[in-house]
Amino acid sequence: MSESTTYTGFWQESPRPGILGWLLSTDHKRIGIMYLACIVTMFIVGACLGLALRLELIAPGRTIMDAQTYNATFTVHGIIMIFLFIIPSVPAAFGNLVLPIQIGARDVSFPKINLLSWYCYVSGAILAVFAIFSGGGAPDTGWTFYVPFSTQTTTNVNLAGLAAFMLGFSSILTGINFVTTIHRLRAEGMTWGRLPLFVWTLYATAWIQVLATPMIGITLVLVILERTFGAGLFDAARGGDPILFQHLFWIYSHPAVYIMILPGMGVISEVIPTFARKPLFGYWAMALSSLAIAFAGSLVWAHHMYTSGMSDFAILVFSFLTFIVAIPSAIKIFNWVSTLYKGSIQLAPPMLYALSFIFNFAIGGLGGLALGAAAADIHLHDTTFVVGHFHYTMFGGLGFAFFAALHYWLPKFTGRMYQHKPAVIAWAIVFVGFNITYMAMQAVGIQGMPRRYYDYVPEFTTLNQVATFGSWILAAGLLMMFVNLWLGCRAGDPVGKNPWGAATLEWEVPSPPPLENFGEEDPVVTRGPYEFKGVVADEY
Amino acid sequence: MNPNINPTAQAVDNVLIYIFGFSLLLLLGITVATIYLVIKYRRSKYPEPTSEVHGSFWLETLWTVLPTLIVLTMFWYGWTNYLGLRNVPEGAMEVKATARMWSWQFEYPDGRKTSKLFVPVGQPVKVTMTSVDVLHNFFIPAFRIKRDTVPGMETYVWFQATEPGSYDIFCAEYCGTGHSAMITSVEALPPEEYATWAQPQPPSAEPRGLIVLQEQGCTGCHSLDGSDGIGPSLYQLSGQQRKLLVAGQSKELSIDEDYLRRAIREPEAEIVSGYDPIMPAYDSDTLSEEDLQAVIDYLLGKATVPAAPKPDASVLLQENGCLGCHSQDGSEMVGPTFKGLGSREVVIERDGKEERIKVDRDYLLRALKQPKVDLVKGYPPIMPAADYLSTEELDAIVEHLLKQ
Amino acid sequence: MSEHKHEPVPYRTFIQIWVALLVLTGVTIAVSRIHLGALNIWVALGVASLKSSLVLFFFMHLKQEGRLFKIGLLVMLVILAIFIGMTFTDVLYR
Amino acid sequence: MSIEHRDDTGARFGMWLFLYTEVILFSGLFILYAVALSKFPAQYSEASHKLNIYFGSINTVVLLTSSLTIALALSAIQMNRIRQCLNLCWVTVALAIVFLINKYFEWSAEISHGIYPGSPELAEMGAGVASFFNLYYFTAGLHGLHVLIGATLISIVAIMTAKGKVTSDRFTLLENSALYWHLVDLVWIFLFPLYYLIL
Ligand code: HEA
Ligand code: HEA
Ligand code: CUA
Ligand SMILES: [Cu+2]
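Chains as they are written, first to last, in numbering that gives the first Met the number 0: chain A, 0 to 539; chain B, 0 to 403; chain C, 0 to 93; chain D, 0 to 198.
Excised from the complex, chain A in its bound form (with noise of 0.2 Å):
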């Protein structure tokens, strides 16, 4: 985008000039790029305080922290990585980017809402660091707030609770946006049977993003009055119930996690066939399973409470329910490993990505079983394994979803090719230490190390360091994938439309596309978004 003599396609074409044409913006992928730009800055943002508690918990003891600010940084962690990356990180950034495109349209349904949920975005942002910067210090509640902790503290936590809520205004204009853009703006010919997957996932997740983020809006903002009015509404002295806190809170954060995880599964059934050159395997079967775990996903809320002193009755309910969501993720991994069979398999970096994505998230999950089953909860329930369990699938999950993301579709949007060897090389690193840090995590948590613990016994010291030795590793990788990356954005080999040879609609574009994506003619679609015959890769 530097040289003015090549096609530049959206970067360029704007009835604004200059940085008001990007703020003010209605164009989707405009406002994809920019929450792109932020989400990736709030990544490493978070990342770095990750790391630094990884450091402090090389050793026992005090190590470069007090336990305080050790609070503070997972608090401030979990928020910045939970509502500020991983929620809006597919769905808003690439979603914005992609899915008008993939179904045809010029732009979503209400790109002024759109622009709007940006804001929200943004001054969710801004008012989170105002949160660690200002009066009471950083929040250190955890990103779970629980009461009776979260209003008693006397650091910022009113602020932080605000930030979420501005923020999970943000993801429901968002999810508004994706359901009205895919019921009404499909092209013609692009029926629900030729949905790219990716869409499928986007119109789940869609739908819970608008049917479950108001609760965890209504639970902060009872958690503020609490604190300013003392309603006691949560106050067992008061009449109120602390664990019906918990209930309101994971009535959201339940079905978020599969907000974070979908659009990552949406990532890679695009991968996978295109890189096998294979029609995805049990198409519906995909597109009607990632339905069923967001219905599904709404009524497992309390496998996080098996310890909480709920009732009995209450952990045989929620723990039969919560084997029930792992049966449509078992069978998307399934889909996609058959889809490897008889292809075509090219190991290009977004494929590694895409791969090693099903690993980890096949850890994670079954991680996720041993903490749905009522007895082995109670062992590992806030120890360390869940931290494990989480980040295996979060950022083995969903991070790595992302990144297969970045490099399938950055050339597309920015008409440049980063560097493939450096990238693998990258992509290995990066999987190993992935790989240390938390299946050292894991294994020091069966042993039961709980977490969000600052300090802890000298018998988890070994694992710990283990971890910490592995988060190295990780961070080294990830430098040398966004240098890469970055390098390859700015500088890389022009691209042509079609660089992997993808059969979606996305892919009949100049890369990067123009303004309105299509241009005189609105597109009209004849086949499936998995078809390859006849689709060629461009050289690069």
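Bear in mind the hints are in silico, worked out from the structure with no lab data behind them. Treat each hint with caution, since some may be false.
Claimed, not checked - Mimicking SDA-like on lysine to any residue, the simulated pairs with C-alpha atoms at most 20 Å apart in a straight line are:
id : chain 1 : residue 1 : chain 2 : residue 2
1  : D       : Lys38     : C       : Lys62
2  : D       : Lys38     : C       : Tyr10
3  : C       : Lys62     : D       : Tyr179
4  : D       : Lys164    : D       : Arg5
5  : A       : Lys111    : D       : Ile57
We have chain A already, so just place chains B, C and D with the ligands on it with the hints.
Using the frame of chain A, we list chains B, C and D with the ligands on its own:
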């Protein structure tokens, strides 16, 4: 129940092994299949795919039904073993646990309190728990048990130690700055050792006279707090007027040592009016002369001074969780260390203004009763007010701290 | 993608619905004065649901909208019932 | 930009989706209510007696009527009776204001009796009653906020109608504001019996 297996750990481990075992198999299967397919069908060997299948109904059904069956067994096994963690065996010893930021207090059936949990090996123990401030969680990895303590609510766990030893108890629910320091232990003692430990300590804290009153069963008829019973109350007798019936004749006197001695040794002689003459006589065989003296001293209020020992400050610091936040050896914890406290000058913040003051009695009392008034600079304002302590206890603590 | 335009609803329909709503309001107030024990709350909720259906289907034109709108509402209500109902698996059995 | 592309059904559908989120938002409070009611049935009916049923009933009538007027306003604009539509809109806004004034008096009366969240009087009435009033204040407060937003929205749309920006074939804005207003009514339809009428 076989005393050699750790019942709760067994229940959990069964499930863990079952699920992890299955998971390992599945993971291995999936990974091997993926790697095999990727190598076999690499593009350099197959430039175009050799199949165009879109799916297979039978395969989809297969891998819907199979995982369903697998997860249902996992669920059921997990649930039934969980019940084993909930159903407390008969004859369990009951202990009450109270969690507070950031310490534990255990109370045994006999009223004794400790900050570590002492249990006999081989006997099931049921711990009934609550919290006085925020959520905490009682977690013993060795027994695989874990349960939140919730303010305003009671929860319980049970376990049975099979080997003597010391097992860590962690707080596994995030509860603020001292969360990771909220560690104590189960001290499992062989039954005989436990029995010795559980003996009531001989030098009792209570005045001898009171003990005698209780041992002799006097309190079955006399209250000690002024309320009426079968007999008159023994509350603050010194100097009181009494109307008596002596051999049918009415008589009045004020209570003194002699009167009390007679009232105990020959109760039928003088009857307090309004009461039935039913009190048994206590001769010197039943009640020794010393004991009688002790009782009389107690009843006249003379005994309390020497008999009531001062509360033991170091025990109080332990029991009330002070040491959860303050160290005694100078090391930095959540609150300022107690070491050298008595001879220290501290910088405090009062109403937002800083002030340097010398630590003295008044300051320490204020620090305990209204910790939010003077905040020691550099520490978070999180110390709970120690208003649940009695004046004597506070005095003892302050005196103790001044000597540090 | 079909555009779906409604005919304007005549004033009379709306006014009839409004009268019905007022009558139902009267009914709930009246019923609440009679002691029915735990039933009271269910009657109150029943009448409220009736009233809200009137508002939804007529005032909010749900009657004229396509299937998508109705399914959407149903999904929302099911999820709502799940959220409330399943919380009670804990609260009632604690 | 020619993205300026019209999809009224889509716009309405988007609005409905937004209304779902509003319902879920309130449902958080209704869950708390349901749980507390099952825990303290007697205290809840005792506390309910302390609320003034006349205020509640009048406000119900006011809101139902405002729902009618805004529905009529929509029919009016569809039939191109702009004047009538404007009048109906303003009546709706006026009713919203009546509702809020009513609420103001009701709350001042209660607050003057020392009933408000965190008050010492409330603390003395026991856990059940305190929980009732805490929830009542927050639910009614959130609802009141929605009344305020809805009235503002309708005023803006009325002004736009007067300026000719909302017309007989371009009335989605009015339609969506009306939908929002009906939601405010819907919430009150449940709020009213749950707080004022339990015996
Ligand atoms: C992207 C995020 C994500 C995803 C996808 C998941 C997926 C799952 N999670 Fe996880 N989870 C979290 C994020 C996520 N989780 C987070 C953030 C927490 C902690 C929050 C906190 O406390 O801070 C958590 C905590 C958590 C707990 C609570 C632990 C505790 O605190 O005690 C439980 C308990 O049941 C659980 C279960 C599950 C299950 C059963 C799945 C299932 O959906 C997994 C399904 C996947 C598979 C089953 C694997 C793939 C399939 C195969 C390999 C085929 C073979 C499979 C079979 C035959 C079944 N999770
Ligand atoms: C998507 C979510 C996500 C991701 C990606 C991560 C990433 C990491 N997290 Fe985690 N984490 C959470 C979500 C996430 N985390 C959540 C929700 C919690 C719970 C919080 C709570 O308890 O409330 C948690 C908690 C948590 C803990 C537990 C704290 C405790 O309970 O005591 C730890 C401890 O090790 C940890 C570590 C890490 C590490 C080492 C990484 C590493 O993977 C990070 C490695 C990456 C880097 C270091 C960045 C490298 C890149 C660069 C340096 C780029 C340079 C820049 C340019 C070239 C421009 N995290
Ligand atoms: Cu107490 Cu953590
Ligand atoms: Cu969950």
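Checked hints:
{"no.": "1", "hint": "Lys38/D x Lys62/C", "verdict": "39 Å, violated"}
{"no.": "2", "hint": "Lys38/D x Tyr10/C", "verdict": "45 Å, violated"}
{"no.": "3", "hint": "Lys62/C x Tyr179/D", "verdict": "17 Å, holds"}
{"no.": "4", "hint": "Lys164/D x Arg5/D", "verdict": "15 Å, holds"}
{"no.": "5", "hint": "Lys111/A x Ile57/D", "verdict": "39 Å, violated"}
Of the numbered hints given earlier, the model fails hints 1, 2, 5; all others are met.
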